[in-house]
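Student: Sequence:
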Amino acid sequence: MRKRFFLGVCVMPLLVACSGLSRKHASTASTSQGYPNNPAKRQDIVMQAIAMLDRGYTYGGKKLHTGFDCSGLVTFVYKESAGIALKGSAAQMAEATRSIDASQAHPGDLVFFNTLGPSFSHVGIYIGDGKFVHAANERTGVKTERMSNGYWSKRFEGYRTVFS
1 MRKRFFLGVC
11 VMPLLVACSG
21 LSRKHASTAS
31 TSQGYPNNPA
41 KRQDIVMQAI
51 AMLDRGYTYG
61 GKKLHTGFDC
71 SGLVTFVYKE
81 SAGIALKGSA
91 AQMAEATRSI
101 DASQAHPGDL
111 VFFNTLGPSF
121 SHVGIYIGDG
131 KFVHAANERT
141 GVKTERMSNG
151 YWSKRFEGYR
161 TVFS
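In my numbering, the protein residues as written are 1 to 164.
None of these hints come from the bench; they were simulated from the model.
Here are the in silico distance ranges between beta carbons for each label pair: (1) Ser99 <-> Ser153: 12 to 22 Å; (2) Gly117 <-> Gly83: 32 to 42 Å; (3) Thr58 <-> Asp101: 31 to 41 Å; (4) Gly128 <-> Lys79: 15 to 25 Å.
Here are the simulated DSS-like cross-link-like pairs (lysine-lysine), alpha carbons at most 27 Å apart as the crow flies: (5) Lys131 <-> Lys41; (6) Lys41 <-> Lys63; (7) Lys87 <-> Lys62.
Only a predicted model underlies this, so the values are computations on that prediction, with no experimental measurement involved. For glycine and all other residues, C-beta sits at the position ideal for the given N, C-alpha and C.
Construct the complete structure from the given sequences, taking the supplied hints into account.
Tutor: Given below as structure tokens:
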């Protein structure tokens, strides 16, 4: 019970912040500030990713009831929340998405890391405020991390998006 209360207190401000842009302002911002298209889909992606916190890790896992690996989590979240089919490994997802500058990154975009030697060996979902959600490992499962965390910042390879 305490953990759920804590999550609610921590997650609610993020969800409110994500939903704070009205449709009227979204269309204005898209021309003047480059706000990404599909803000509603992005919000759904972020909310679904957050809902997956504390789910188990399973190598090759792509299902809610059996657990996820990093690419399986992304596949599940994008399909369930936005109807976007992203499949394959983290590296294959990197090939299927468009590289963007950090200044263009928005919640719902993907973040890629080199954790095993080859490029794009790990993927997560950027949720804003310098944080991302990912399926980390068997011990921790699905969790949030700060992009500035020493381990992740040293292995960061870039932001990518499916949105135009």
